[in-house]
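Participant: Listed here are the chains, written in short residue letters.
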Amino acid sequence: MKIIFMPLFQWIVASIFLLTATSSYASEYLSGPADYIYSPRVEEGEREIDTKFGTQKPRSGEDSRQSGASIGFGYGVTSWWFTEIYGKNTWDGNNSQFDAIEWENKFQLTETGKYFADVGFLIELERPQNRNEGYEAKYGFLLQKDWNKWQANLNLLMQGHYTGTENQGTYFGYQGQVKYRLQPELQLGAQLFSWLGQLNNWNTNQQQQTSVGPAIFGKTKLGRKEALVYNVAYLWGTTTASPKNTIRMQVEYEF
Amino acid sequence: MKNTIAYALFCLMIGVATLASANQSEITIKIQKGRFSPSQIEIPSDTKVRLVIQNLDDTPEEFESHDLNREVFIKANSSASFYIGPLSPGRYKFEGEFSPETAQGEVIVK
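The listed protein sequences derive, respectively, from chains A and B.
Heads up, the first sequence is in the working numbering, so the first residue is 1 and it goes up one at a time.
Heads up, the second sequence is in the working numbering, so the first residue is 1001 and it goes up one at a time.
Simulated from the structure, these hints should not be mistaken for lab results.
C-beta: ideal position from N, C-alpha, C; glycine also.
Mixed in with the good hints, there may be bad ones.
As the list claims (entries may be wrong) - Simulated DEER-style distance windows between Cβ atoms:
#1 SER1088(B) x LEU188(A): 18 to 24 Å
#2 ASN200(A) x ILE1027(B): 45 to 51 Å
#3 LYS1110(B) x TRP103(A): 45 to 51 Å
#4 GLY223(A) x ARG1035(B): 19 to 25 Å
#5 ARG1091(B) x ILE85(A): 39 to 45 Å
#6 SER60(A) x ASP1046(B): 49 to 55 Å
#7 VAL1052(B) x ALA152(A): 22 to 28 Å
#8 ALA1076(B) x TYR162(A): 41 to 47 Å
#9 LEU188(A) x GLN1032(B): 49 to 55 Å
#10 PRO1044(B) x PHE121(A): 42 to 48 Å
#11 ASN94(A) x SER1088(B): 51 to 57 Å
Here chain A stands alone, though its shape is the one from the complex (with noise of 0.2 Å):
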C-alpha cells in the first residue's frame, strides 16, 4: 500500500506545484500551450491524473510569454466513453489566474483496430473564469491509424464561445502527430496544431493559426497496475498568427 501511496502522493504534490507555479493563457491564441492531441481509444476502467503545461513566445517581443497548465482527474466509465474534469490555470509573466474548468467527454465509436482507422468523437465543455466568454465547446472526430511500429492521429476539431459577449463564433482546426513506437519508454514523433480560422470563413494562410514540431514519448511502469505515460513537444509557427514558439508536455499517472 505504501509502495503505491508514495507516487501518488508525490505525484499530487509536484502536480499542484506545477499548476500554481507556472499556468496558461491562451486568449491570443487558439491552441493554448498546455493543449494536447486527443486519441480516439478509450480504456474502461482506466484511472488517471492528468497534467499538462506549456508555454508559447508571442510573436511580438513586446508581449510576455504566454504559459498554463491543468491538472485533471480521468475514468474509462465504459468501453466506449472515457470522461474527465480538470482545472486550468493561465500565467502571463506577471499574473496567474485560475482560468477555467473542463470536462472532457470522449467516446470510441469503432472497435478497436477494426477499421482502416479508430474513429472517436469529443466533446469538451469550458466554463472560463471570465463569464464574458460564456461557456466553451470543443467537438470534433478523433482519427487514430496504426501500422507496424508507426502510428498517425488526425483530429478534426471545432471550438466555439457561447451565451457570452466575448471571443464569439465557432472555428474549425485540426491536429495530428506521428510516432514510431521505437520502445514504451521512448518513442520519436512530431505533432501539429493549427486552426484555420471561423467555420463559414476560413482566414488567409498567414492569419491561420499553424504550430509544428519535434515530440517524443513514452510510458514507464510504476507498478503492477501503476504508470506514467508523457509527452513533449517544440513547436514552431509557421505563420504570422501564430506564436513564435511553443513548448508543451503532457504527463498522466495512470493506477
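Chain B: place on chain A using the hints.
Facilitator: Only chain B this time, still in chain A's reference frame:
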C-alpha cells in the same frame, strides 16, 4: 457555408474510408489462473484478425502489448475483443498487466 459543406463531405469521406472493413477471422484466448491459453497464436502476415479475450478468473486483467499497440481491460468473468493486423512477419509479445509473472504470450506472424 461552403466550408461547412466541405467539412461535412470530408467527414463523410473519412467515414466511408474507415468503414471499408477487412478480413474477419477470429481467435479466442482465455485467461485462467493468471495465464493465457493459448499463450502462442499464429496468424498469417498482412491479415486482420479479431482477438477475443475471455477472462475466466474472478479478478480483472489487462491485455497489454507495446508490440501490438494494444491496451484492453477485461473485467472478471467477462470478455473483450479487438482487432490486430495486418502485421509484418515476426513475433509480437503481449502480457497481462495485472499478473505479468504468469500471463505472458506472443503472436507469431508468418
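Participant: If a hint holds in the structure, say so; if it doesn't, say that too.
Facilitator: Hint by hint, here is what the structure shows:
no. : hint                               : in the structure
1   : SER1088(B) x LEU188(A): 18 to 24 Å : holds (19 Å)
2   : ASN200(A) x ILE1027(B): 45 to 51 Å : holds (49 Å)
3   : LYS1110(B) x TRP103(A): 45 to 51 Å : holds (47 Å)
4   : GLY223(A) x ARG1035(B): 19 to 25 Å : holds (21 Å)
5   : ARG1091(B) x ILE85(A): 39 to 45 Å  : holds (41 Å)
6   : SER60(A) x ASP1046(B): 49 to 55 Å  : holds (52 Å)
7   : VAL1052(B) x ALA152(A): 22 to 28 Å : holds (27 Å)
8   : ALA1076(B) x TYR162(A): 41 to 47 Å : holds (43 Å)
9   : LEU188(A) x GLN1032(B): 49 to 55 Å : violated (38 Å)
10  : PRO1044(B) x PHE121(A): 42 to 48 Å : violated (33 Å)
11  : ASN94(A) x SER1088(B): 51 to 57 Å  : holds (54 Å)
When the structure is compared with the earlier hints, violations turn up for hints 9 and 10 and for no others.
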